[in-house]
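Construct the complete structure from the given sequences, taking the supplied hints into account.
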Amino acid sequence: MRRPGSILTDRNASTYVHAIVFPMGLASLILSLVLAGSGEANDPAFHRINDTTPASPSFGRDIVPALTKAGCNSGACHGSFQGRGGLQLSLLGFDAPADMDALTKASRGRRINTSSPADSLLLLKATGAIGHGGGRRISEDSEVAELLRRWLTSGRAAPTPEDLVGLRLSVEPKLLRLQSESQQSLRVMATFGNGESRDVTGWALFDTREERIAEVTRTGTVTARMAGRTAVSIRYLGQVATVDVLVPYSGDQKFDFAEANFIDEIVAAEWRTMGVRPAPLADDATFLRRVYLDLIGTLPSADEARVFLADTAADKRSTVVDQLLRRPEYVDYWSLRWGDLLRAHRRYLGDKGLASYSGWIRQSVRDNKPIDEMTRELLTAQGNLFTNGPVGYYFVDEKVEDLAETTAQVFLGVRLQCTRCHHHPNEVWSQDDYYGLAAFFSRLETKDSGLRGARFGGPKSIRPVAAMNPQRKPQVAAEPRLFGATTVTEVDPRQHLADWITDRGNPFFAKNFANRYWAALLGRGLVEPVDDLRDTNPASMPAMLDALAKEFTDHDCDAQHLLRTICHSRVYQLDYELSPDRDQDGQLCTHRRLRRLPAEVLLDAVNQVTQTPEVFPGQPPGTRAIALPDPTVASAFLTTFGRPQRSNPCDCARSSSPDLAQALHLVNSPAMHNKVTATEGRLSILLANGANDRDIADELYLAAFARYPTDQERADIDQTLQEVNPRAEAWQDVLWALLNTAEFEFQH
Amino acid sequence: MFQLNDWSGNCEGASRRAFLQVGSLGLFGLTLPRVLQAEAELPALARRDVNFILLWTAGGLSNIDTLDMKPDAPVEYRGEFQPIATNVPGLSICEHLPLMSQRMDRVCQVRSIVHQGSQHAEATHWMLTGYPQVPDVNAAPVGSLVYPCFGSVVARELGWKNGMPPYVMCSGSDIAYSGGGYLGSSYNALSIRRDPNDASFSVDDVSIPEAIGSARTERRRRILDRFDAWQRQVDRSSGAVFDRNEFYRQAYDLVTSTAAKEAFDLNEESAATRDRYGRCREGQSTLLARRLVEAGVRFVTVVLDGYDTHDKNFTRLKSPLLPALDRAWSALLDDLSERGLMEKTVVLCAGEFGRTPKVNGAAGRDHWPFANAIGFSGAGIRMGEIVGRTDSKCERVVGREHSTLDYAATIFRLMRIDDSKEYTTNDGRPVQINGGGRPIEDVLA
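So the sequence lines, in the order shown, correspond to chains R and S. Taking my numbering, the leading residue of the first sequence gets 1, the next gets one more, and so forth. Taking my numbering, the leading residue of the second sequence gets 1, the next gets one more, and so forth.
Hints listed in this document are in silico derivations from the structure and should not be mistaken for laboratory results. We treat Cβ as the ideally placed atom computed from N, Cα and C, and that holds for glycine. Certain hints may be false.
[Stated by the list, open to error] Between beta-carbon pairs, the in silico distance windows are:
hint	chain 1	residue 1	chain 2	residue 2	range
1	S	173	R	363	35 to 43 Å
2	R	611	S	213	23 to 31 Å
3	R	131	S	430	25 to 33 Å
In structure tokens, the structure reads:
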């Protein structure tokens, strides 16, 4: 089989750039022509739109957007880190002076023909007049070509620092409400510092977040494809803007919804806007199992379920939420989650250091320490790890760049990784911002006796020093400086950083944690992925995120208050039933999202239902999986079900995707069989005590699902008991079957 | 997530969608129907199912001591072993590979692949995925994407066949980066950890435990069907539940299938055949790989361990490493030929890197990613060839080098997988199966 791309490609005509090869030949030219054929009438790479083309274009304001629109400086072409075919441009034109040099000076200036500027290689290659690895990017009579031509012939004005000063981007309309299959065009205006204002619609780059919901063309025409919510992001000269796109479901949905708190008010307003209707309230059993799993990572016991179901108090749901927040399992479960986020692992800290770091996490969770305080303790930690847990933060990541990335991702929900090497392609953050942040961690000195030393009590400590520690110099020289602000000069600038991060006015901190806790309870962040907050990745319900963040700061960053508030809302308590009048996309919380129990919670659940405690190597008997100190405690079950290795701070490190090994383990492993049949287990004890079939059924269903069996289920059990002898074996098979249902494996 | 076509599309600029939209557009006489037709005109073989057996010499087989010997190099380079002639004129290989020496006409040896991974984990990532990787000292990736290995891509693209999982790995130990990477664990290998050479060999979680027995397993499946009311109710509305149930179905099929049971049962083979492969983990795992491919598995990795010969290189290669490899590899080629399976099976013997040409103070050789020797056999391979050349001391490739992406592209071409296809990572980045590698044409028949 040959791919279209290789059919006409002469295989000798490839050029190697490190490990990446790209074809040079006719095929790419053809594909570009294909693209040209499909282009829109007003695409400046292929069609002239009007004659406002400046007589002597500015490099920074005209040529860079032109190169960007034609794709020259994209990551796949000359914007790649190694460049392509010998020409390297900055990614999406973020470094105009470097691009100027690359085009006019590099390779002895061969890309410019000074005696006949219109015949410059730059133009001939881009128009495909002579062989070009990237094919024909623009047509000769296009506005892009005309701009390049005029720039070449008018003396090739260099970029000036003033080019982009004060540049602001505005898009009209700011919000699109579209019916399915209808279209609307966006208009993008750029205003420069000198007051000059331009329509740059043709020059901006457009992307849609959910292509299924709405598509956007190269020139900013949005077409709705299906009901839902998405956003179109617009990028131009390092600035970004976002337009929310709403495609309502058909029809006016009428519903009554007794709002319990502000969450319900805001979300219900979103539903009305979008024309969807919420699921009914979940029944008591579903709610109980849900809230136990969410708040303490533990199933309700059969007795707890029995009592709750029989309770007639009107406020029993609120009561159970308050009770759960005081349970010891609350500390285990949320310490596990914080341990993932902060990567508590002995590979970084050693045994003793892990105990200290984890101990601090547990104590903070137990005390419900305000999250801004936790953040401050971590960021400004100093002294000996063994006596001061938060010092561990500086041993999990040691390089200043890693510390910058982790700090941004964990506390701000911002992914800065891109900016280690280049300006963030979807954001306004630059490399200066990145290394400015890294430099906050430079005026420190560590003592590290290594892991062996840490195990036996050797020092692992950190202290601030007066000047930059040469061993902690950022790769690119920088002084501590916050995004767009002035340089910080304090002796230990980390204090300043902690102040800024936890400041009430910080646009990310509160939203980040509000979003993380929302995601933990609702199964999906308002912003998703949860640690990727940026203007071009807006929240599914922006008003909800704003209100939740405000609630969080208004209540002194109190995690339990946030959890309680969300659990008390009716939105949290909805059923999982997904009928056609719900938001099918799952972004609007019209119904409960189903998700598999996390590895540790699932193992504990199996053990709790079967009453067969797990024995983990090196751990005291009775240690539950959610209370394990770190992922080095061996467990085939936990590995199979996606326990994270805590090697990176991304929320995505925990896998909940199903796979064959998991299914095989539950279906066919001796371990599961042994749990079901264990002589000390729940079932054996019930049988030994002479319990009748009805009571055994109740007990197993309450333990596994927090509910009583239905009539049909009782009939199925009876049938099984009739078919299978002896009775114990029949019951073992029933228990085994219950543990193998999706209802058990999922949280609903 | 974002479709960042403008900066992350391929250099040709056209997304697949744009290409399809203009299918009827005539350009230089090439239209989309014509493109498809060109594909249809490939020989029948090209569209037949192809399976893959990877003999992975974990640790890094010493290339200079085995397939790419340099008898004229100074003694501190050439080592202790003598070359012997093979059935390919002009090619000599190590004296400790006598069986393979008579089968080199069925191997296409490639010596031109170069990468930059000098530690095991990163090198394994280069050679099992084609892409670079920067792991920390614990082999955990640092900030960069973990790519799916070849077997996982095959699993994703081709799926199950005859109730058998698409990707199986026989290995006593864990091999870094041999799983689904950013595609997720759904595409990991089914792992066979026990030693197939053990009399009591069984496959964990696949072979039904004696305590349960197959009758009871069947019965449990029927009982489980009764209790899945909830599952049926939500199956259509929740993708997560649906996917999970699919794996359950597959797991059950696998556990209860007679074909699978037989495929894993080496006692079905004659003693002579088992002897031929060698009565050791390596040999019996290789035999198992052949049985699995016959049963419907598409990609089997057999891990041959112990090639990280930093010390006593010659002693260890002489016994047991090379005799075991020689036996297993040659038996596999013979067996596949005799069974007419060579036309639909690719065999690749490769490791993560070659070894230092200069012998070290412990009579060992260290890691060397700048030259390596690997061998392809079977479907679609130009066998009996040697692709690429190394210098007189086996230090560097002379002339044309190939990247690991080229090597990956070769594997995908052999497996009939369109490696220009884009996947989406879980942080929303579009990534091609193969980022620009081109098949090594000289390997392809």
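Hint check results:
| no. | hint | in the structure |
| --- | --- | --- |
| 1 | S:173 <-> R:363: 35 to 43 Å | 39 Å, holds |
| 2 | R:611 <-> S:213: 23 to 31 Å | 25 Å, holds |
| 3 | R:131 <-> S:430: 25 to 33 Å | 28 Å, holds |
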